[in-house]
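J.: Listed here are the chains, written in short residue letters.
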Amino acid sequence: MHPRSKVFAIESITVMLVMIIFALVTFLVINGGSSAYNTIIDDKLNTENARVAYSYINMKIRQNDAAGCIDVVETAFGDTLKIDIEDGEYCTYIFFSDGALYECVTSAGMPPAVSAANKITALSGFSLQRSGNLISISCICGKDGKTMEGTVGLRT
Amino acid sequence: MKNNKGFTLVEVIIAIAALGVICAVLLKLFVLAGDTNKHAGNMQEAQLAVTSVTEVLTSEDSMQEALDYLGLDAKDDIAGSYTLQKDSFTVGIDIMKKDGSYPGTLYSLDIRAHSGGNELAAISTARYVKEDAS
Numbered sequence: 001m002h003p004r005s006k007v008f009a010i011e012s013i014t015v016m017l018v019m020i021i022f023a024l025v026t027f028l029v030i031n032g033g034s035s036a037y038n039t040i041i042d043d044k045l046n047t048e049n050a051r052v053a054y055s056y057i058n059m060k061i062r063q064n065d066a067a068g069c070i071d072v073v074e075t076a077f078g079d080t081l082k083i084d085i086e087d088g089e090y091c092t093y094i095f096f097s098d099g100a101l102y103e104c105v106t107s108a109g110m111p112p113a114v115s116a117a118n119k120i121t122a123l124s125g126f127s128l129q130r131s132g133n134l135i136s137i138s139c140i141c142g143k144d145g146k147t148m149e150g151t152v153g154l155r156t
Numbered sequence: 001m002k003n004n005k006g007f008t009l010v011e012v013i014i015a016i017a018a019l020g021v022i023c024a025v026l027l028k029l030f031v032l033a034g035d036t037n038k039h040a041g042n043m044q045e046a047q048l049a050v051t052s053v054t055e056v057l058t059s060e061d062s063m064q065e066a067l068d069y070l071g072l073d074a075k076d077d078i079a080g081s082y083t084l085q086k087d088s089f090t091v092g093i094d095i096m097k098k099d100g101s102y103p104g105t106l107y108s109l110d111i112r113a114h115s116g117g118n119e120l121a122a123i124s125t126a127r128y129v130k131e132d133a134s
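As you go down the protein sequences, you meet chains A and B in turn.
If you count by the working numbering, then the first sequence holds residues 1 to 156, one letter each, in order.
If you count by the working numbering, then the second sequence holds residues 1 to 134, one letter each, in order.
In short, the hints are calculated from the structure, not lab data.
Careful, some of the hints might be misleading.
To be verified - In silico DSS-like cross-links for lysine-lysine, where the CA-CA straight-line distance does not exceed 27 Å:
{"#": "1", "chain 1": "A", "residue 1": "Lys44", "chain 2": "A", "residue 2": "Lys119"}
{"#": "2", "chain 1": "B", "residue 1": "Lys130", "chain 2": "B", "residue 2": "Lys98"}
{"#": "3", "chain 1": "B", "residue 1": "Lys86", "chain 2": "A", "residue 2": "Lys143"}
{"#": "4", "chain 1": "A", "residue 1": "Lys82", "chain 2": "A", "residue 2": "Lys60"}
{"#": "5", "chain 1": "A", "residue 1": "Lys146", "chain 2": "B", "residue 2": "Lys130"}
{"#": "6", "chain 1": "A", "residue 1": "Lys143", "chain 2": "A", "residue 2": "Lys6"}
{"#": "7", "chain 1": "B", "residue 1": "Lys28", "chain 2": "B", "residue 2": "Lys38"}
{"#": "8", "chain 1": "B", "residue 1": "Lys75", "chain 2": "A", "residue 2": "Lys44"}
{"#": "9", "chain 1": "A", "residue 1": "Lys146", "chain 2": "A", "residue 2": "Lys60"}
{"#": "10", "chain 1": "B", "residue 1": "Lys86", "chain 2": "B", "residue 2": "Lys38"}
{"#": "11", "chain 1": "B", "residue 1": "Lys5", "chain 2": "A", "residue 2": "Lys6"}
{"#": "12", "chain 1": "A", "residue 1": "Lys143", "chain 2": "A", "residue 2": "Lys119"}
{"#": "13", "chain 1": "B", "residue 1": "Lys75", "chain 2": "B", "residue 2": "Lys98"}
{"#": "14", "chain 1": "B", "residue 1": "Lys75", "chain 2": "B", "residue 2": "Lys130"}
{"#": "15", "chain 1": "A", "residue 1": "Lys146", "chain 2": "B", "residue 2": "Lys38"}
{"#": "16", "chain 1": "A", "residue 1": "Lys146", "chain 2": "A", "residue 2": "Lys82"}
{"#": "17", "chain 1": "A", "residue 1": "Lys60", "chain 2": "A", "residue 2": "Lys119"}
{"#": "18", "chain 1": "B", "residue 1": "Lys86", "chain 2": "B", "residue 2": "Lys75"}
{"#": "19", "chain 1": "A", "residue 1": "Lys44", "chain 2": "B", "residue 2": "Lys28"}
{"#": "20", "chain 1": "A", "residue 1": "Lys6", "chain 2": "A", "residue 2": "Lys82"}
{"#": "21", "chain 1": "B", "residue 1": "Lys97", "chain 2": "B", "residue 2": "Lys130"}
{"#": "22", "chain 1": "A", "residue 1": "Lys44", "chain 2": "B", "residue 2": "Lys97"}
{"#": "23", "chain 1": "A", "residue 1": "Lys143", "chain 2": "B", "residue 2": "Lys38"}
{"#": "24", "chain 1": "B", "residue 1": "Lys97", "chain 2": "B", "residue 2": "Lys75"}
Full structure from sequences and hints, please.
T.: The structure is reproduced here in structure tokens:
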């Protein structure tokens, strides 16, 4: 092989190797960026859903905080927030079922049902606990089970 | 005659080095975006924790019961500093008795969440307890 051709071949191979490394790095950067973006968006969406659920329940409690009107009861859907409205003529139930938080308005004495309920927001899990005049709300969001916990005090 | 076609190895390496610098800046931005998101999540969690502690301290019948609910050992006269350790931050509670001629007790409450020297959320309020059940 002619020495000039040999140098040219080595140079070409080096350029090709450098280009391959560049392509790999570019791929990794794009892949990493896309992954970071998706993680951030998912995390924000999950936190937002949990925040919406917590704020909605907080607002409902504040709106209807009359003596004996708010309670945490056990229904077929687990922990359920029960709010009596119109002197107990109607009931509003807020409960968790199949990855979402629902609100169902029924006549007094009727149990809540998903078919008659409105979806509030998507959640991974939900629990309520009453201790005296304090109601603890736990909204689980995301696949990693991150929990948003808060306590609301009843004024009546 | 000199061959002017194509780039030399040095030119390619310089171009790739420049692109490498841009990639490094982009990667740094991704990390920064992740950190900012985490910080925003922490702040939201801290605000919720501070609000919840305030709700407990102002809703329970007595300050003693409120501190028991929070899992804190109440000091003899309730007033003092308390600390609640959460996963990613600490909630500090300062309770002070306000001077005055009241039939009950007026407490000033200062609740602050902080992490690594940075304050994430704070609420200052007061609570009047008619008959101090403590």
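J.: Quick one, are A/Lys44 and B/Lys97 close enough, alpha carbons at most 27 Å?
T.: Since the Cα atoms of A/Lys44 and B/Lys97 sit roughly 41 Å apart, the hinted pair is violated (cutoff 27 Å).
J.: Holds or violated: are the alpha carbons of B/Lys86 and B/Lys75 at most 27 Å from each other?
T.: holds, 21 Å
J.: Given the hint that A/Lys60 pairs with A/Lys119, does the C-alpha gap stay at or below 27 Å?
T.: holds, 15 Å
J.: Within 27 Å, alpha carbon to alpha carbon, are B/Lys86 and B/Lys38?
T.: holds, 15 Å
J.: Holds or violated: A/Lys146 and B/Lys38, Cα atoms, limit 27 Å.
T.: With Cα atoms ~12 Å apart, A/Lys146 and B/Lys38 stay inside 27 Å; holds.
J.: Does B/Lys86 pair with A/Lys143 here, judged by a C-alpha cut-off of 27 Å?
T.: Holds, because 21 Å separates the two Cα atoms, which is no more than 27 Å.
J.: Does A/Lys119 sit within 27 Å of A/Lys143, going by the straight-line distance between their CA atoms?
T.: holds, 20 Å
J.: Straight-line Cα separation of A/Lys44 and A/Lys119 no greater than 27 Å?
T.: At roughly 20 Å apart (the allowed maximum being 27 Å), A/Lys119 and A/Lys44 satisfy the hint.
J.: Just to be careful, I want the Cα atoms of A/Lys143 and B/Lys38 compared with a cutoff of 27 Å; is the pair within it?
T.: Between A/Lys143 and B/Lys38 the Cα gap is close to 16 Å, so the pair holds against 27 Å.
J.: Take a quick look at whether B/Lys97 and B/Lys75 sit within 27 Å of each other, Cα to Cα.
T.: holds, 13 Å
J.: Between the alpha carbons of B/Lys5 and A/Lys6, is the straight-line distance 27 Å or under?
T.: Within the cut-off at roughly 18 Å; holds.
J.: A/Lys6 and A/Lys82: Cα distance at most 27 Å?
T.: violated, 84 Å
Hints 5, 6, 8, 20, 22 from the list above are not met by this structure, while the remaining hints are.
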